[in-house]
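Engineer: This is what each chain is made of:
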Amino acid sequence: MMDDRDDAVFRLPDLGEGLQEAEIVGWHVSAGEHVVTDQPLVSVETDKAVVEVPSPHSGRIKRLCAEAGAVIPVGAPLVEFETAPAADTGTVVGEVAAAPARVRAAPAVRKLAADLGVDLAAVTATGPGGTVTGDDVRAVAATGENGGGDGDDEPLRGPRRAMAANMAAADAVRASVTDRADVESWYALDSGGQDVTERLIRAVARACAAAPALNAWYEAGRGARRLHATVDLGLAVNTDEGLFVPVLRDVANRAADDLRAGLDALKRDVRARTIPPAEMRGATITLSNFGPLGGRHAVMVIPRPQVAIVGAGRAGREPVADSAGGIAVHWLLPLSVTFDHRAVTGAEAAAFLMALKDDLERNA
Amino acid sequence: MTDRVADFHVDFTRFLAPDGTAVAPLPGFFDDPTLRRLYGHMVLARAFDTKAIALQRTGRLGTYAPSLGQEAVAVAVGAAMVDTDVLVPSFREHGAQLVRGVTLQELFLFWAGDERGNDFAGPRQDFPVCIPVGSHAPHAAGVALAFKLRREARAAVCVFGDGATSKGDVYEAMNLAGAWTLPLVFVVANNQWAISVRRAHQTAARTLAQKAVAAGFAGEQVDGNDVVALCHALRQALDRARAGGGPHLIEALTYRLGDHTTADDASRYRDDEEVGRHWKEDPIARLRAHLTARGAWTRDDEEALLTDCAARVEAAARDAQALAPEPAAALFDHLYATLPPALAGQRAALVQAEADHA
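Same order as they appear, the protein sequences are chains A and B. Residues 1 to 364, numbered by this note's numbering, are exactly what the first sequence covers, in order. Residues 1001 to 1358, numbered by this note's numbering, are exactly what the second sequence covers, in order.
Hint data in this document are derived by calculation from the structure and do not stem from the laboratory. This one's a predicted model, so the numbers in the text were calculated from it and none came from an experiment. Treat the hints with caution; some may be incorrect.
[Said to hold, decoys possible] Some but not every residue of chain B turned toward chain A, in silico, with C-beta under 7 Å:
#1 R1057
#2 T1058
#3 A1200
#4 T1203
#5 A1263
#6 D1265
[Stated by the list, open to error] To give a feel for the contact side, a few chain A residues facing chain B, derived at Cβ under 8 Å:
#7 L15
#8 G16
#9 E52
#10 D115
#11 D250
By construction, the Cβ of each residue, glycine as well, lies at the ideal position given by its N, Cα and C atoms.
With these hints in hand, go ahead and build the complete structure from the sequences.
Structural biologist: Set out below in structure tokens:
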């Protein structure tokens, strides 16, 4: 019998047989309370049952680590106990966890997926409780990119595999707002146009200042959001091998050439595949300038735990009504903002979009 | 013309009504000390249950099958057997194991996945807990056959639930037991639920006891929450079996007050009203009421017993957790007298892997 008891932190045990997570139904105790061994602490709901979890030992509770309604993985902290008399009494701000792999599948299905070279994260689950079934795996294997053709199924690897996993992990309730920025003045200034990406980055930074709710992280498990003081911008970069999203730090406070240098370095590193993994983590909002590749407006996938992604489409010359009531032909840049409606209101998203558009249209 | 060629009946026996009153004079050997001892065993079994669930909920035991409400069945089995008999249990009989000498610490170890919990010092020939439903019935027939071939005056007791009576293994074991007149007593702990399948959906047979009739021996129903009736029926059946009278089946009518296991939530398939009704038949409350009415049990006795049981269970849980884990190779060490070459190779590889990762 194991005794890996850590008196300070009590973690969610596997309450069933190979369960991954549980939802907090309700707490029976509160922080500061003294509890005794086997006293009920919390009711949690697993895939199988609602059960009461008792206290593993006696002690005073320092902190409840999850709120009612939160879904936490097995092994995550449930309760923190007081250990020393001089314990820190300050507010503890939890870390927002990295997106966990949330795929549920039986061992036999996992083996089948491995045998068929199917990434479970990319499979649409149709089984009970969102579990992946053998048929789901076979369906993906059968309709692979070259399924029915003359090629063989190609298991996803590297960046493509990571993309599939990250996209599957996205859990936002998405809504989008779109508009077009009149960027005619850019072309009037110099015929070669500005570096659109750099211009977009600065506009996103200003829009974040106007609508801070979009520069945030939301963690559904804890029902908590965190607004960020700095804008660390995830920049979607396409390569032949897949999608990369390196992060440009603190884009709101960087000088133009510094930003341009950083941008160039990032793109170079990504294409050379030498970018350190740390530089692809921690974005607070993401920009996808897909315009050069094609497409105008898009509903995009929001990387967890961010709450917004900004898309810029392909600019085109279009007729617009000028201030005198006549018709003019201007360069218009299509803009899309997809936001997580759990954490962002429509009004906040609209304010963001308007600030973005205003900044882009400003002749600066 | 038609002749009736077979006919059968099934008796139901009870001595204590749910409120503890005796509906018939108790057999002679049920004196106050005996009844108090049976009561103490049932309370200890329940205390173990409660602690085991708490340990499972805090990640220190694996899946656990509570016996809440069925303590009388297990305790009666343990109490009616003699030392030389052999118990072949399923997974809700820790009450029987405790009475027969398996320790609380060993039981905790077993449910924590530690093989030493099955290697109990107590009744060395008793079988370990059997999780796969009904699969131990043929083993019990084998044990009983051994007794018969050796001409030993011993009997085996095989316990399983209502769900197991639908399984082929159980029919085969019963058929063998009948055909070869084996000294084997089958105890069906009919707790009305095979996980989420209610007894009425399990079989169209009116009783589970009558399944013995098809195998050529008698079956009876006993109030499974009446430890006196159970002990009485079991003793009679065991005496008969040891004397060469062949097998017998006892269907103990009880009720699973708790979940099937800690991985189950019974409230999803049965309502509180039904469970509440069966709490009124609780075997422990029943015997306590009877003892109290006889003047053989006081409030002080009750408090002393509860305190003692809680302390014993706590100490056993602590001792079990303090034990250093056994090596992974223990997986191989309890099934074969001599390990087959293929498994010996696997064992060696595991020992090596464990050493490499030490």
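Engineer: Against this structure, judge whether each hint is valid.
Structural biologist: Hints versus structure:
Below 7 Å, beta-carbon pairs count as interface contacts, and R1057 of chain B has one with chain A at about 5 Å; its hint therefore holds. This hint holds: T1058 of chain B has a C-beta 4 Å from the nearest C-beta of chain A, less than the 7 Å allowed. A distance limit of 7 Å between C-beta atoms decides the matter here; for A1200 of chain B the minimum to chain A is near 24 Å, and the interface restraint is violated. A least Cβ separation of about 26 Å between T1203 of chain B and chain A goes past the 7 Å threshold, and the interface hint is therefore violated.
Hint status for A1263 of chain B relative to chain A: holds, with the closest Cβ pair at about 4 Å, below 7 Å. Proximity of D1265 of chain B to chain A holds as hinted, the smallest CB-CB distance being about 3 Å (cut-off 7 Å). A distance limit of 8 Å between C-beta atoms decides the matter here; for L15 of chain A the minimum to chain B is near 7 Å, and the interface restraint holds. Restraint check, G16 of chain A versus chain B: the minimum CB separation of about 4 Å is within 8 Å; hint holds.
Interface hint status for E52 of chain A: upheld, as the beta-carbon distance to the closest one in chain B is roughly 7 Å, under 8 Å. Violation of the interface hint for D115 of chain A is found here, the shortest Cβ-Cβ separation to chain B being roughly 23 Å, above the 8 Å cut-off. At about 42 Å, the closest approach between the beta carbon of D250 of chain A and any beta carbon in chain B exceeds 8 Å, and the interface hint on this residue is violated.
Against the hints set out earlier in the document, violations occur for numbers 3, 4, 10 and 11.
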